[in-house]
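Read in order, the letters of the sequence shown are residues 1 to 394 in our numbering.
None of these hints come from the bench; they were simulated from the model.
Positions of the beta carbon are idealized from the N, C-alpha and C atoms, including for glycine.
Hints may be right or wrong, so weigh each one.
Across the chosen pairs, the derived CB separations fall in these ranges [stated by the list, open to error]:
#1 Asn235 - Ala355: 50 to 60 Å
#2 Asp358 - Glu224: 10 to 20 Å
#3 Gly259 - Asp115: 47 to 57 Å
#4 Pro150 - Gly226: 21 to 31 Å
#5 Ala29 - Glu224: 22 to 32 Å
#6 Asn10 - Asn184: 42 to 52 Å
#7 Gly170 - Asp263: 25 to 35 Å
#8 Gly193 - Gly259: 40 to 50 Å
#9 Asp268 - Gly170: 21 to 31 Å
#10 Gly170 - Arg325: 32 to 42 Å
#11 Glu136 - Glu290: 14 to 24 Å
#12 Ala357 - Gly137: 47 to 57 Å
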Amino acid sequence: MVSMDKLIKNGDLAGVQRAVQNDPALLNATVTRWGASPLMYALHKNSGGQPAIAQLLIERGAELDLQDNDGWTALMFACRYDQPDTAQLLIERGAKLDLQQKHGNTALMFACQHDQPDMVQLLNENGANLDLQNNEGWTALMFACKHDQPNTIHSLIGRGANLDLQTNNGWTALMFACEMDQPNTVQLLIERGAKLDLQDNEGRTALMFACEKDQPNTVQLLIERGTNLDLQTNNGWTALMFACELDQPNTVELLIEGGAKLDLQTNDGWTALIFACEMVQPNTVQFLIERGANLDLQTNDGWTALMLACLASSESHHTAADLLRLLKLFYLAGADLNLKNEDGDDALALATANACADVIAFLEFATMLEVARGLKGKLQEPRSKTVEQLQVQM
């Protein structure tokens, strides 16, 4: 006698029909080592997908809401493997829409994960709970945002999905949309009233995710809609710091034009300017300086932005010209060359320890200029004016 699982896998509709007629108990028997019933197995990819057999089993009275060892139901398999006709029949026959498998996922979540908008609509129209959360706190809407499914997102929002639920890590649907660079979804969520300034467990906001991923269009949209530019993570980071650390001059400009505070400090005392200098970003540094960033703020260890520039690593991929331009910007803007960190080192000492000849030469020259300015009684004048008067080429 051929086993039920083989009959199903072979697509033997007549054989399955005879088997359940002869032994009705086979309708709900376990036919796989992972605990699937014949109905589940007929919908699973391992059987090749046998919708005709699945429909036969439903018509013969198979239990619709049995769950396998991992908690999956027949409806979940139909949604996972895109079998809308069978899903429709299951729903018409009263299958429960909101059962959750061992990870807390529902049939709707599987449809959202696998880009099946018609299946989502079917479940929505029949009353599936849109706001159930799985064991990690994810909702169907979050899955749709994560996987960039605009039709599904429209359907869920149109049916009233909660936009502001958060995962166990504090992520919202808006954060997923920002993380995945989906400006249209971001706009839709905002227009429907999503909260802009919710923070995850690390204190990050949707704006910070957009800054991390270099998404100036999304950043612009969030700014226009009134997001708070100066919220800080648990470690004290701001959106501006993310943009500076990741060398995103366009985003930096948007944030500053939008009114972001320039001199906020992390828990370790770092500022946006310090992040920009660490990676030698002269364009960003120039913009920050021109907008009034404090040049001489020090970290908890006493480091300034200028000191970090003097120790710039190869990871910053800077050129010698970039570094010298940055140093010139600091000098002409009036940076204090004599500040020392907690180890007693100033910028010149750090450059010397780093054996950076160009930086050493520049700082020694700048120090001599300061001596000349002092001798001429010009220390109160802007350095740029003195340099011009002395006809020095920097």
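Going down the list of hints, with the structure as the test:
For Asn235 paired with Ala355, a C-beta distance near 32 Å fails the hint of 50 to 60 Å. Separation of Asp358 from Glu224 is about 43 Å and departs from the stated range, judged on CB atoms against 10 to 20 Å. Checked against the hint of 47 to 57 Å, the C-beta distance between Gly259 and Asp115 comes to roughly 39 Å, which is inconsistent with it. Between Pro150 and Gly226, the C-beta spacing of about 24 Å keeps the proposed range 21 to 31 Å intact.
Between Ala29 and Glu224 the Cβ separation comes to about 60 Å, which falls outside the hinted range of 22 to 32 Å. In this structure the supplied range 42 to 52 Å holds for Asn10 paired with Asn184, their Cβ-Cβ distance being about 46 Å. One distance hint, 25 to 35 Å for the beta-carbon pair Gly170 and Asp263, holds here, with the actual separation near 27 Å. The supplied range of 40 to 50 Å is broken by Gly193 and Gly259, whose beta-carbon atoms lie about 23 Å from each other.
With their beta carbons about 22 Å apart, Asp268 and Gly170 fall inside the hinted range of 21 to 31 Å. At about 40 Å, the CB distance of Gly170 to Arg325 agrees with the hint of 32 to 42 Å. One distance hint, 14 to 24 Å for the beta-carbon pair Glu136 and Glu290, is violated here, with the actual separation near 45 Å. Range check, Ala357 to Gly137: Cβ separation about 54 Å, and the 47 to 57 Å hint holds.
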